[in-house]
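Following the hints, complete the assembly by docking chain B onto the known chain A.
Number of protein chains: 2
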Amino acid sequence: METHAGSANMQPDQTKTIVMSQTVSAAVLIIGNEILSGRTQDVNLNHLATTLGGWGIQVREARVIPDVEAVIIDNVNDCRQRFDYVFTTGGIGPTHDDITAVCIAAAFQVPVIQHPEIEQRIRQRPAPDDVMASRLLMARVPEGAQLIDNPTGGPQGFAMENVYVMAGIPMVMQGMLSTLQGKLKSGAVVRSRTIRAYLGESQIAGRLGEIQAQYNSLDLGSYPFFRDDRYGTALVIRGTDPDTMEAAAQAVMDAVRDAGEQPEDLGVAE
Amino acid sequence: METHAGSANMQPDQTKTIVMSQTVSAAVLIIGNEILSGRTQDVNLNHLATTLGGWGIQVREARVIPDVEAVIIDNVNDCRQRFDYVFTTGGIGPTHDDITAVCIAAAFQVPVIQHPEIEQRIRQRPAPDDVMASRLLMARVPEGAQLIDNPTGGPQGFAMENVYVMAGIPMVMQGMLSTLQGKLKSGAVVRSRTIRAYLGESQIAGRLGEIQAQYNSLDLGSYPFFRDDRYGTALVIRGTDPDTMEAAAQAVMDAVRDAGEQPEDLGVAE
Numbered sequence: 001m002e003t004h005a006g007s008a009n010m011q012p013d014q015t016k017t018i019v020m021s022q023t024v025s026a027a028v029l030i031i032g033n034e035i036l037s038g039r040t041q042d043v044n045l046n047h048l049a050t051t052l053g054g055w056g057i058q059v060r061e062a063r064v065i066p067d068v069e070a071v072i073i074d075n076v077n078d079c080r081q082r083f084d085y086v087f088t089t090g091g092i093g094p095t096h097d098d099i100t101a102v103c104i105a106a107a108f109q110v111p112v113i114q115h116p117e118i119e120q121r122i123r124q125r126p127a128p129d130d131v132m133a134s135r136l137l138m139a140r141v142p143e144g145a146q147l148i149d150n151p152t153g154g155p156q157g158f159a160m161e162n163v164y165v166m167a168g169i170p171m172v173m174q175g176m177l178s179t180l181q182g183k184l185k186s187g188a189v190v191r192s193r194t195i196r197a198y199l200g201e202s203q204i205a206g207r208l209g210e211i212q213a214q215y216n217s218l219d220l221g222s223y224p225f226f227r228d229d230r231y232g233t234a235l236v237i238r239g240t241d242p243d244t245m246e247a248a249a250q251a252v253m254d255a256v257r258d259a260g261e262q263p264e265d266l267g268v269a270e
Numbered sequence: 001m002e003t004h005a006g007s008a009n010m011q012p013d014q015t016k017t018i019v020m021s022q023t024v025s026a027a028v029l030i031i032g033n034e035i036l037s038g039r040t041q042d043v044n045l046n047h048l049a050t051t052l053g054g055w056g057i058q059v060r061e062a063r064v065i066p067d068v069e070a071v072i073i074d075n076v077n078d079c080r081q082r083f084d085y086v087f088t089t090g091g092i093g094p095t096h097d098d099i100t101a102v103c104i105a106a107a108f109q110v111p112v113i114q115h116p117e118i119e120q121r122i123r124q125r126p127a128p129d130d131v132m133a134s135r136l137l138m139a140r141v142p143e144g145a146q147l148i149d150n151p152t153g154g155p156q157g158f159a160m161e162n163v164y165v166m167a168g169i170p171m172v173m174q175g176m177l178s179t180l181q182g183k184l185k186s187g188a189v190v191r192s193r194t195i196r197a198y199l200g201e202s203q204i205a206g207r208l209g210e211i212q213a214q215y216n217s218l219d220l221g222s223y224p225f226f227r228d229d230r231y232g233t234a235l236v237i238r239g240t241d242p243d244t245m246e247a248a249a250q251a252v253m254d255a256v257r258d259a260g261e262q263p264e265d266l267g268v269a270e
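Quick note, the sequences are listed as chains A and B, same order. For the first sequence, the numbering used here begins at 1 and goes up steadily by one. For the second sequence, the numbering used here begins at 1 and goes up steadily by one.
Looking at chain A on its own, in the form it has when it is part of the complex (with noise of 0.2 Å):
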């Protein structure tokens, strides 16, 4: 169970505060078929975990999950009840198989109303009454969604309490995601140390696992690469303080020279 921001850090004295937990938390939620069966490789996952936490929102959970309505329903209520945030991209087009907003009214037991302000965009581009009538299967939301506008033109995506419903075409889904920053609660931004090492994983894995135990605020991960015909391994050193991150990598690279080879400090970032 994530701590969900609206309770973390109140103090019960205090009648105006500032609420921050120290971690906002997501899940993402990509459905489509499409994934699933291997057709297209998902690229909005990344976009979203990188974004997302540069905003200090941590993404905890994915899921790729089909055009099914009932897994559908299950996933976003398991994961609003969970997460701070759930992120949904996929489903929200013209045909068949997108139900998205749907199912997110039906998980949220309101109505799907036909929104106006998305009925208007559409009708902007006129299109004979078939072609109309299929758009307007887009303009559909569940009764009481916030809209998500959409930069590309396109029909907005929506918000349902704490379940953002955006576009699975990248370029549209980044678009929406884009108008949304500065609008969400905040924890503080995780930050990346990372160090390179021409070394393998075994080679420094013991005091790797020290540095882990004495620094437990932070995430120390490890991972093998191969460059220039050489194995190697990155030394990423996660955490919010920098004072405690910048020991840390002290540390990492004091293990990297004992173990006999010069450390490479990338440096930070989000």
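Hints listed in this document are in silico derivations from the structure and should not be mistaken for laboratory results. Incorrect hints may appear among the rest.
As the list makes no split between identical chains, a pair holds if one copy fits it or if it spans any two.
Taking lysine to any residue and the SDA-like style, the derived pairs with C-alpha atoms no more than 25 Å apart in a straight line are [said to hold, decoys possible]:
id	residue 1	residue 2
1	185	38
2	185	217
3	183	170
4	185	66
5	183	38
Chain B only, in chain A's frame:
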């Protein structure tokens, strides 16, 4: 709930039978903070989906989960009961964050052992005692596990009942997976027939919905694309029966012609 292959289509009066269900299902668990932080773009799901699909095993759900023991255990136990197979990637290296083997053992409530065959492979390459101690962590498997060979020469993966545990590095995962060909239960292979049309989705959505309703053993998908400065839609028919697929493909191509465009038949692929 997915149908389990072991019981489907089994006739009580058959004393010897080849058990083959129509559908053999799989879940994929991608284990690793580096995917959820956005540091690494996952490519393993796509490879698993296409490879297993070609073997008659359909990936029905995928989850990306962090290196957190309780989360891994819960997801393994949930998925191994709901799907015929579970394939995991990641977390079987020699460092402190490689906890998959321990978690699988906990999920099955069996002890962790040091597997003699993996140990033998690891000891073929000499190393100082402390480095060897770290490398031997890769010999940990749950008691009763079967090994999955590793053609890249490193430590093996393992299978515990219907849970197949593989490396996270794509080249190593792909090598391990290749050794399973022909050794898993399989159902009917789902093939896909793609028809491309320079139409917007809405221009064909109505007819496509009718065709989907008529051929409910098939899965019809509609995926917009942008190519040669034109927008179009890829219409994908997925199914197991060639005659039904052919009939649906003809209906889709008629619908494209009726909308005033020439369909481009890309044919059948697995």
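Quick rundown of the hints versus the structure:
1. Taking the shortest alpha-carbon separations for residue 185 and residue 38, only the inter-copy value of 20 Å comes in at or below 25 Å, while the best intra-copy value is 34 Å.
2. Proximity of residue 185 to residue 217 under the C-alpha cut-off of 25 Å is restricted to the intra-copy arrangement: shortest distance 22 Å within a copy versus 44 Å between copies.
3. In this assembly of identical chains, residue 183 and residue 170 lie within 25 Å of each other by CA distance solely inside one copy; the values are 21 Å within and 37 Å between copies.
4. With identical chains, the CA atoms of residue 185 and residue 66 are at most 25 Å apart between copies only, with a shortest distance of 22 Å across copies and 29 Å within one.
5. For a Cα distance limit of 25 Å, the shortest separation of residue 183 from residue 38 across copies, 21 Å, qualifies, whereas the shortest one inside one copy, 34 Å, does not.
Hint violations for this structure: none, all hints satisfied.
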